[in-house]
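Participant: Chain by chain, the residues run as shown.
4 protein chains.
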Amino acid sequence: MNQENFCLSERHVSSSYIRQGLQARRGHEQLIRVLLQQGKCPEEGWSEDTIELFLSELAVMDSNNFLGNCGVGEREGRVASGLVARRHYRLIHGIGRSGDIAAVQPKAAGSSLLNKITNSVVLDVLKFTGARSVSSCFVVPMATGMSLTLCFLTLRHRRPKARYILWPRIDQKSCFKSMVTAGFEPVVIENVLEGDELRTNLEEVERKIQEFGAENILLEELSVLCDKHNIPHIVNNAYGVQSSKCMHLIQQGARVGRIDAFVQSLDKNFMVPVGGAIIAGFDEKFINEISKMYPGRASASPSIDVLITLLTLGANGYKKLLAERKELYGQLAQELGTLATRHGERLLHTPHNPISLAMSLEHLQTHSSTAVTQLGSMLFTRQVSGARVVPGNGEQVVSGHKFRGFMSHADAYPHPYLNAASAIGITREDITLCMKRLEKCLKSLWKNEREEQEDLQNQTEP
Amino acid sequence: MNQENFCLSERHVSSSYIRQGLQARRGHEQLIRVLLQQGKCPEEGWSEDTIELFLSELAVMDSNNFLGNCGVGEREGRVASGLVARRHYRLIHGIGRSGDIAAVQPKAAGSSLLNKITNSVVLDVLKFTGARSVSSCFVVPMATGMSLTLCFLTLRHRRPKARYILWPRIDQKSCFKSMVTAGFEPVVIENVLEGDELRTNLEEVERKIQEFGAENILLEELSVLCDKHNIPHIVNNAYGVQSSKCMHLIQQGARVGRIDAFVQSLDKNFMVPVGGAIIAGFDEKFINEISKMYPGRASASPSIDVLITLLTLGANGYKKLLAERKELYGQLAQELGTLATRHGERLLHTPHNPISLAMSLEHLQTHSSTAVTQLGSMLFTRQVSGARVVPGNGEQVVSGHKFRGFMSHADAYPHPYLNAASAIGITREDITLCMKRLEKCLKSLWKNEREEQEDLQNQTEP
Amino acid sequence: MNQENFCLSERHVSSSYIRQGLQARRGHEQLIRVLLQQGKCPEEGWSEDTIELFLSELAVMDSNNFLGNCGVGEREGRVASGLVARRHYRLIHGIGRSGDIAAVQPKAAGSSLLNKITNSVVLDVLKFTGARSVSSCFVVPMATGMSLTLCFLTLRHRRPKARYILWPRIDQKSCFKSMVTAGFEPVVIENVLEGDELRTNLEEVERKIQEFGAENILLEELSVLCDKHNIPHIVNNAYGVQSSKCMHLIQQGARVGRIDAFVQSLDKNFMVPVGGAIIAGFDEKFINEISKMYPGRASASPSIDVLITLLTLGANGYKKLLAERKELYGQLAQELGTLATRHGERLLHTPHNPISLAMSLEHLQTHSSTAVTQLGSMLFTRQVSGARVVPGNGEQVVSGHKFRGFMSHADAYPHPYLNAASAIGITREDITLCMKRLEKCLKSLWKNEREEQEDLQNQTEP
Amino acid sequence: MNQENFCLSERHVSSSYIRQGLQARRGHEQLIRVLLQQGKCPEEGWSEDTIELFLSELAVMDSNNFLGNCGVGEREGRVASGLVARRHYRLIHGIGRSGDIAAVQPKAAGSSLLNKITNSVVLDVLKFTGARSVSSCFVVPMATGMSLTLCFLTLRHRRPKARYILWPRIDQKSCFKSMVTAGFEPVVIENVLEGDELRTNLEEVERKIQEFGAENILLEELSVLCDKHNIPHIVNNAYGVQSSKCMHLIQQGARVGRIDAFVQSLDKNFMVPVGGAIIAGFDEKFINEISKMYPGRASASPSIDVLITLLTLGANGYKKLLAERKELYGQLAQELGTLATRHGERLLHTPHNPISLAMSLEHLQTHSSTAVTQLGSMLFTRQVSGARVVPGNGEQVVSGHKFRGFMSHADAYPHPYLNAASAIGITREDITLCMKRLEKCLKSLWKNEREEQEDLQNQTEP
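Residue numbers (this note's numbering), protein chains in the order written: chain A, 10 to 471; chain B, 10 to 471; chain C, 10 to 471; chain D, 10 to 471.
Where hints are given, some of them may not hold.
Identical copies carry no separate label here, and so any pair may be met within one copy or between two of them.
[Said to hold, decoys possible] Straight-line Cα separation of at most 25 Å, DSS-like style, residue types lysine-lysine; simulated pairs: (1) Lys-301 with Lys-449; (2) Lys-49 with Lys-456; (3) Lys-452 with Lys-49; (4) Lys-335 with Lys-182; (5) Lys-411 with Lys-301; (6) Lys-452 with Lys-411; (7) Lys-445 with Lys-328; (8) Lys-49 with Lys-329; (9) Lys-294 with Lys-411; (10) Lys-182 with Lys-294; (11) Lys-49 with Lys-136; (12) Lys-328 with Lys-301; (13) Lys-170 with Lys-237; (14) Lys-294 with Lys-335.
Hints were generated in silico from the structure; no laboratory data involved.
With the hints as constraints, model all of the structure from the sequences given.
Facilitator: Printed below as a string of structure tokens:
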């Protein structure tokens, strides 16, 4: 309520109480003021009521909520269902204008403000998680893969003759498809094995650069190569915001070499529903170019989600989640290692991966060729989600390209394995439960083996 | 509650009442049954509680809501903010899998079911609004423009050598950009004037086909040309679902010629927030191909919105909205015509446009060269939204292409005009208010003119 | 947002758009201003967003929502469940203080303001529905019966020697119990039959006054008697606000005689959930006395409900509902009459009852003694709610008092009957469905009768 | 969804995923099953979605939500505002029937079930918090005071000649008024001082019993006296559920003597909004009698709130809150003691009060007679709520009775003091902030004193 209405309230309730109410209101206004002024993720999280107050203030500024509006266009933000209007806080106009997803809409000052503030807050988070010198970013309501496609399409306009993307292999369909969809031909760079770990084959990359004289590649040393050969460099940072290591590598890559844009998933890094990504970079001009490539207005839904989430958590809350994740990574490593030893397996040594871990399933596979895949479906049935079993011998055709050893990121990774990730939001209880169920499954698989063997023995005995 | 729990309830409340409660529950189940069985938009709309019951049932089936789930992957549908979880009905996993936006997710049976049902219901609507023989469609959480881009990118894989899109001019940035973003070169086909109306220049199209031997174009007669020359044909049906005329033209085009896909906006046709589109076609195989081009999971938000909306309205409710829109088109035409006459202008004769109308502003412009643009900003300030003023002399560069007479869809449309649309959801009150305010603005502009003229006269008089 | 925050927003979004947003916000503030200034039900209903904005502004003023509050009392408005907090718009402190349900709470300026405004708006409605000179009222979160008890308890303090309440019989348990609970002895005044209608027996009332020299009674002529004999007069106006006739009788009664207080149900008159009542009267002092009799703070829930509802409807919306109700009363009378005739029954002639109607069931009862009660349960099973069947021969003991002919309001009402009410919110469809189902039930009962009779005949025939 | 609909879903999504969804649904059903079967507070809290699922299942069973219902009564659970319907989960019919607040409503099986289950769950909590042998209770949507009034009114019917209530003084208006409202004359028993603590004057109680031969009194030894003299005994247990000590005293009192009913506040013990109470006792017959005294249906809102809260917390969650409260009581005692010493005051020694604590303000008052009341308003302004300052010399008339030393519970308590409570939901931060602000206020008051004294000295010096 404005000053005048507070005064009028003093007719009904004694003025000292009303004045305290007014002071309380100023507390919320003050938080909003700092946000608008600094455009940063607040240190401390906001309460739900401050957030809802802010969102309803934004909605009030959109023309579809004007009390005296009359609309005679074909896009007036009308909503048929009250359920739908409410779940979007009556912010209906989406973000951007035809021609620029970051542009301001005359009909929707509130939605436009939301868009600007969200991008500004997200930029702040990218900075404090490690990409200190990032200069621009925007939330785009598309999956990471489609966002990568948009980056590649933008680059096509800069380099009309480019045909190839050098792609250090990573077995994720979206990533591969993002290049194919954009009309490029991916050149797969097989990884090299160092101990248990797969590493980018930089010699092969340089060889391919010589061979093709071409376009797009992935981290750190790559940046230097890209810089040296003047090749655009797009980084698929997927769920890397949650790892300070990934973020520092990007920062480092941009410092010593060249990174044109890095793209990260909203849901995987910020605990929001699937559907959005952040496209960021160190050269504001190029990022703007990308934002202008999105033809049309876009859903504000992912922006609303990430804004609510970051305002709720505050910078401190988000950092706390990252610290917990890191700590639980240690716990997961320790417990998975112990369990592995107990079953004659071992924790694979992958020091460069700060999020995922894997235990070998070699011993299991030598006992039964089907046990490894069986383990996968047993875990699914027992509601352990996200623990992937990789037999290593799979073959898959993606967009016409045949991958051997699919899911293991290599033609012939030497061990079958099970992997598990300590991703943001994981809890101690998740790990405990997972270990318990995994233990049970393994025991049951070994027991069946023994029984089958005993059965076999019994049958063959006279 | 299941049978057992209803039985247990009879311990607390007498069984005849509980049995009536059970019967009532069956009423809701019955509605859901018909939906799952037929996959069609229900004749009568559902109440909010049936809809919320259905959505909460779907959410229960997603792994992030399993009571005993433990997640150790990097994508577990965790949500940091309760506000966010609730506004998405706890449906967090999005739709599709990496590699196919229409595919089923093992982790999210509920979200997958939602996706399938939504596409099925939307297909039903496309059929009963006129595209009777449409065979497949899917909701995609991207703007119409970006969805067109996706169609073009799919076509590129079918026709790797194609470079041009023949594009009968329509002055909307997104539409133009959708081709540029996809890496094609639009070949603008200027329209021809028939009376007040602009029509596609078919001769020019055929000439260009001869000239380029090329790829993509727009309605009815075009379909025949495309069929004849074996050229893919993508229709930007923008807000055409709300007009039986547009839908019948598409149906007709597919019958007598060739339409590969037609794309329509969700928000403009279904009164939901900005951010989604429907890609539909008559050849299921091609539509599947497009759905497989979207790299990655995608936001379920537009699907949820359109499903809620269609279940709320029911087929009858939606048809009623269409009928009202059509009726109000007549009213708008009549009132705008009367008002035009009163001010020395006229309603432009555009019988082929079933949604938008325009009145000339010629008389006004001859009196004052600035009055026309002034009128635009006056209407904006008076909260008349969507009524566009087109002076006709604008020039605009879009993605490097310079358009003369931008917004009028022609290099030299003979009249300045103001247009207004009778789009779905418009009310009688919108029209009344718009006419009242427009009247006032025009009066005030004429008055100022007279005053200025008098001032001038006064100054020049001795 | 305050002025400063709007200014800051201009850094992010161009100032002309922000200024339009600010103007839009003023529209909402303006509505709130008029409400606070006039304390009346607004003419036109508010939109949901204005209402929620207002409620969230109120909540911000309560100490439990102060951002810097620390609480060390035993009543701090803490809420354990987010679901609960949200459904009460974070208004947790209830209304009133120990000792006065209308008093202001220092800890809760917002809730206090809500309470004041609600009572003020409700007073306005009582005035415009007919009780023009009502001077004071308050919403109390108790059923009508318990509210009547509170009135009686207040009167006891004024008249310590009073023991009896003269009570013209009305067969509703709550009403009877309200006197017993308050510790009084009801003196039942049996009604007299005029045609089909029961009317208060005024001679009997006067006789009892002579006999007891006592205390409390019910309408119009009663008011004169009460005035003449200086007897407090409490009116149970139950669901009378929806009928201009009832309201005018109260207004008239207060003008020519004496009415100390009249009590009406919130849910039955204002379409809100069960649980509240309005205590109103023409002497502010006495109403204040009652409000001070409620020991303790009370639930704000019924006040919130009625405030939301009246702001949503506006005076015009509420009046429209009343007009529709009246119109549908006519329809119900006509259809019920026709149906009655068809089955050898008739519509009872009860011109003084503006809400309820009844059809005789005499013909049915002469054919089968059980058919009348059977009809009741058939209607229940067919989801016809509220249509009561009154056989007229029931006997019931309420708080020790035996009532003959219970539910018919008379010892020996001459006809069994079925009654139905045209109460606020009823729809044309309710009536149509009810008539259809009633028709079916009657037919089926008659058919069974005939079959049974035929069976009997067959059995007795040789 | 029922079995059939799950089967139909397998047409759209592969059956193994659907089956996992079905299994997940069973998890929720299982929780509901245990609740319905045992009628106890679940050990572990439920998630918000299980709770909402349960509430929506209940709502479906109420006739106002029947899809085919037609209503022709005057009380049909119609709701004018969607906001109101939603915030009550569409449970509109309230609880109870006219004549019994615990009775089942034919029209509202769901609301009736909710009422029964809530009372059952609350009974379980009363048992495990200490009143082990409590046999019956019900939630009543009225303040504690009004609930006490209802108990007294019930007793009046058992003892028609009773006129007095013996009342060991406790300075809370509601409590005193609850007797006056019920029409009784409270006989105030002044407390006796033992050290810093006030204790019930049992000799005086017995003397008054002799004097009046009368009716109603309050703990443990009192129970024995009541039993001995056959006097009904109602305990105002206000916020005692949160203290195991209070609950054990009640249990003990009922075991060795007589307690007819004990009444507790919902909001103060269960962190829900103001407006409800629990009436409980050891004799089911008497509690039923009280429930039958409430004339009319009543608001379900407090029942919904407490049910949601207890299901959310679970027994373990609630016990954890109690344990924290107890622990923080120790911290508050320690910190308040230290602070008191620092300012020449002391913590009053009140070992029998397990919730509230007090520090003397004697030193402060000797320095300045106004400082004590000033301190009160300073704390209010600094958003310290609930810390009451008791000067000890106040006089107040409540319902005609003059109390000397009002708020100190004694005519002449020897010290002015400030009290603070460690009530359920208090946090460590509340205490820290309170101490900090209290410190500041005291310093500032002393400083002013010194300055004023210096001023005085300066003035008098030559």
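Participant: Each hint needs a verdict: does it hold in this structure or not?
Facilitator: Okay, the hints, checked on the actual structure:
1. Lys-301 with Lys-449: Result: close neither inside a copy nor across copies, 53 Å intra and 38 Å inter.
2. Lys-49 with Lys-456: Result: close neither inside a copy nor across copies, 56 Å intra and 41 Å inter.
3. Lys-452 with Lys-49: For Lys-452 and Lys-49, the Cα distance exceeds 25 Å both inside one copy (51 Å) and across copies (37 Å).
4. Lys-335 with Lys-182: neither (27 Å within a copy, 46 Å between copies)
5. Lys-411 with Lys-301: between (35 Å within a copy, 17 Å between copies)
6. Lys-452 with Lys-411: Neither, since 35 Å and 71 Å both go past 25 Å.
7. Lys-445 with Lys-328: Intra 29 Å, inter 28 Å, cutoff 25 Å: neither.
8. Lys-49 with Lys-329: Close inside one copy (17 Å), not across copies (37 Å); limit 25 Å.
9. Lys-294 with Lys-411: between (37 Å within a copy, 22 Å between copies)
10. Lys-182 with Lys-294: between (30 Å within a copy, 21 Å between copies)
11. Lys-49 with Lys-136: Within one copy only: 10 Å inside a chain, 48 Å across chains, cut-off 25 Å.
12. Lys-328 with Lys-301: Neither way: Lys-328 and Lys-301 sit 32 Å apart in one copy and 37 Å across, limit 25 Å.
13. Lys-170 with Lys-237: For Lys-170 and Lys-237, only the intra-copy Cα distance (19 Å) is at most 25 Å; the inter-copy one is 32 Å.
14. Lys-294 with Lys-335: Result: close neither inside a copy nor across copies, 35 Å intra and 46 Å inter.
Of the numbered hints listed earlier, those contradicted by the structure are 1, 2, 3, 4, 6, 7, 12, 14.
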